[in-house]
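Chemist: Knowing the structure of chain A, use the given hints to seat chain B on it.
Protein chains in written order, with this note's numbering: chain A, 1 to 823; chain B, 1001 to 1328.
Hints are computed from structural coordinates only; laboratory data are not their basis.
Label-pair ranges, simulated between beta-carbon atoms:
1) A:18 x B:1056: 49 to 59 Å
2) A:47 x B:1230: 23 to 33 Å
3) B:1281 x A:25: 35 to 45 Å
4) B:1039 x A:221: 52 to 62 Å
5) A:86 x B:1187: 23 to 33 Å
6) B:1039 x A:17: 42 to 52 Å
Computed from a predicted model, the values in this text were never measured in an experiment. Backbone N, C-alpha and C define an ideal beta-carbon position, used for all residues, glycine too.
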Amino acid sequence: MEEEQVKYLEEAFKVVKNQSFHMKRAMDTDNLKLALDHATEMLRELRTGLLTPKNYYELYMKIMDELREFEEYLQTLQRSGRSMVEIYERVQCCAAIVPRLYLLCCVGGVYITSKEAPAKDILKDLIEMIKGVQHPMRGLFLRHYLTQVSKNRLPDVGSPYEGIGGNVHDAISFLLQNFTEANRLWVRLQHQGAAKDRKRREKERMDLRILVGTNLVRLSQLEGLDLAEYKNSILPKVVEEILACKDTIAQSYLMECIIQVFPDDFHLGTLEVFLQTCTSLKEKVNVRTILELMMDRLANHFAATGQNMPAEIPAFKLFNDCITTLIEERTNMSLVETLRLQTALTNFALKCYPGKMDYVNHCLTAASALIAKTDFATASAAGGDDARQDETTQQIETLLSSPLSSLSLRVLDMPSYSKLMSYLPWSNWKQVASALLRSVISLNSPLSEVTQVEQLFAMITPLVRDQNAASSSSSNNDEDNAKVASSASDSPAFKEEQHLVARIPHLLRADDTDTVLEMLIVTRTQFTSGGSQRIGYTYPPLMFAALSLAKRVFQREQQVVLQAEGQELPNGPVTPPRFSTKKVFHILMDGLNHLATTGHPEPAMRLFLQAAQAADQSRFSAIAYEFVKEALLLYECEVTDSRQQVVALHAFVGTLLNMHYLTVEDYEALITKIAQYSNKLLKKADQSKLVALSSLLFFPPARPSAANTLEVVGAPAQVPLLAYSDPDRSLECMQRALKVARNANPNLFVEMLDRYLYYFEIDNPVIQVQYIVGLISLINETFAADRSVVLPATEAHYRNTLSYIRGRQQQPEFAEKFAPIQW
Amino acid sequence: MSLFASFTTNPTITINLNNQEGRLRKTIRVQGGDPIDLPVYSGNENVSGTVDISVPPGKKIEHQGVRIEMIGQTELYFERGNAAKFTTLVREFESAGTMTQSKTYPFEFSTEKPYESYSGMNVRLRYFIRVTITRNYSNCVKEQEFLVQNYANAATQAVNQDTAQQGIKMEVGIEDCLHIEFEFDKQRYHLQDVILGKIYFLLVRIKIKFMELAVIRREAAGVGPNSYNESENIVKFELMDGAPIKGECVPIRLFLSHLDLTPTYRSVNNVFSVKYYLNLVLVDEEDRRYFKQQEVVFWRRADEQSAVPLEGGQHRGLRMAPDRMVNV
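With the rest of the complex left out, here is chain A (with noise of 0.2 Å):
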């Protein structure tokens, strides 16, 4: 086949190369006659059939060139005065249809240009002659050289042919009539030969097809189209044809072609009559893809002039309009392209109706309502996953993920939004919710009202808990979810999906603290649905949340207080709060024993010493001790890592350090606690660090007065700032930390100076000189003893302490205090 087609092309060739070498010798020597013979032999080889329509446009282009040189000649003969209107008839003499033809178009182009009729006449003419050849292919490529030969001859405006050769109205009864012809040729080779053969009739009209457009593309050049003229005489001709040819193929091309081919603003003009169109065209037609084409069109077209749609033009009620009836005529019509049309629909109100959110709304809820009539529903319920079903799914994801990016937060006010995310199965609606809750997060856009938190959760449910507990669904399933749950809680996914949801607390920003509280609350609700794994990640922001928020709310009640005493506020007035600090502190000391009691002791432990400080710092000295005091259970029940222990007690002594409010009763039982701890960590090293550690609680540097602690007046400001000093319990300690350094490892020697010398440099009265002198000679002795165990490290460190210590008896201020120290 494929040989033979490559044999017929080159015969052909041979053919071509061999007549149009004499036809030009023939011009050469000026002999028309001839020269037109050998043309008509040339063109002759243009009525072969034995050729693929790909091999056919090879030929064509082929003797297209050498055509152009006939006219050229043709031209000059016209120029040198030659009457075309002879040579116009002597070439209607070939009794052959297919080179007359071809001569007729290429004298007749000659001819319009001899002006010695009007071109009007002479296009008439030729559209009308060029019906002889009704074979498909060979008529098609005839009409397109006719299209070629009148390209720069119809009496278009501005044109030298306008005036007595007609005017823009012929050009384009022209044009339209070629159009018609040619399409119907096109459509015609559908219906030829057998039908086993029907894929490659389709793919070779494929590639004819550009044949046919070729004509739209001519009429859109002209420069005497405006709006009006495509509005009443074009349009109207071109659907009448598209739709009386009733071919599937030709639809679709032409469709697609009036939208790329005509400007933008034609469009806009004529967007009824368009989409009327688009209606009544073949069912196997896909609309949808035309109308697709159309709305970016118009899209993109807003886009880059910046302009917006015209408010004469209700184009999203047209697009709607041929949709919906789209959907009502097509009955066989798979749901998951409806959903794709209403995508298309939301994706156009999205671009050219910025803000209209009723009409993005309007789409969501016909969409639902289209889910509703199927048995869709029932059936991603009832597990069924078969190909269709997924489809159908991921065209409910698209079409929810759309309207994200630039609505975010408010399709929380579109109730369909979220009846359409439960339509969609478990794992599909977790990835529009995360999508969702990406594009709020993103956004930064906060959540300010409850209701607006407790919609986001119902839409985001997937997140939040598992499926089973969310559904009550049969018990057999229960535990494929359990497998699935437990599987998914470590993957990454899972993870991603948790560090999402975890930020929804700092989202919830308001100006009154009542209403953020009722939205921690109501958060808090949703999180500890989400079971143990979820809490984990959900809990510790949430838990920081409610501390900033009970700062504010401490400060609100200060300022309650300054209000009431006469002064005037900075901010205007202020109400007291309906949720007082206290509670809280109280939401917060629940929530971290839910955090505690669900297998995250240690994050709820370091939560209770933040909260201690926090309250600590709003006076709340109790509260402040309970916070401490569940932090030490937990420490007791819970961390029984050694390492993680010496973690704790290290934040424990650094929590109590910076809390200033406690009794002294307080106080001293919870350092008593912490010394006793530290007392019984197994490694020594450990040991004599943090007993080390631990003396500074019973000497602790001077508090600051105000530093650190929040501005109070009123009433909480008669809390007494904490007042503690026992310097024999911290020497005590010191020697406890020493002696077991001295079993444990000679390295924490050169620690214990330095801590010592500190001490002494803030005048801890129990701490002598000769304790320091003892030390660094015991340091001396012992690292001189066996040097190898010294770190290099330790040594280093050791000299640094030295030479501060000669630093210090250098400075006049401390030469006196440190002089004794010698060694």
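Modeler: Positioned in the frame of chain A, the structure of chain B alone reads:
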């Protein structure tokens, strides 16, 4: 002596026709022979000229008489030597005597020539002038042929050109298979005319490969048992390539001036007649032919040779059969 002389001396006869400048000449070919270029006369035109008889110097020619004839005759190819003369005019130049020097004789024949010259498949009609020097043993003869074309007189021209004349319009078909309607704008065409027409396809259930219009000449010669009827295609003009569908309409435009045509002849001298037919032929993909013949009359217009005029203000190259509504 004289006897010997008569054997050896041959006079040269030359026939010169008058008024040859600007006269139309045509090349004809008889039965595939060599082309001959001849002057054309109209039927009512006088044929005049001179005859030179040159006698070689010092010779003399004895003869029984010198005469000139203008003959019009029909010849059937299959009956050699049986020409039927329908016109014979004789003028005597000399009675029996002796010619001693060259001499020129003027002549003029003013008789009506009723028929046109014709050279067909089985018959020809020709005119010629013959000069004969009658002698005892062998005559000395010279012939000069010329062509005659008869232009329509005012009366027939008026009939032929009647603008109201009916064209040919027919609806033909094969039931449930092919149904077409065609029309030609006239029934009578002059030889420089253009046949305009249209073919409407009302029903197409066969796969048509192409359609052509043939101009057929049908010549009937002889009478009785010796009659010969033969047809030939003057041209096969392709009208359509490929298969149309119902509702299509294909135009016809055929220029006659480029074809080798004669007017229609009806019973010329009761010897022959020539008729013309338009044959519309459709050929399907299995090479079956569907056709319909229609006689048309061709006639010769008086102003045939004048420049092609604009018809209806339009170049005739652009003329079309008028549109009409067709019920499809």
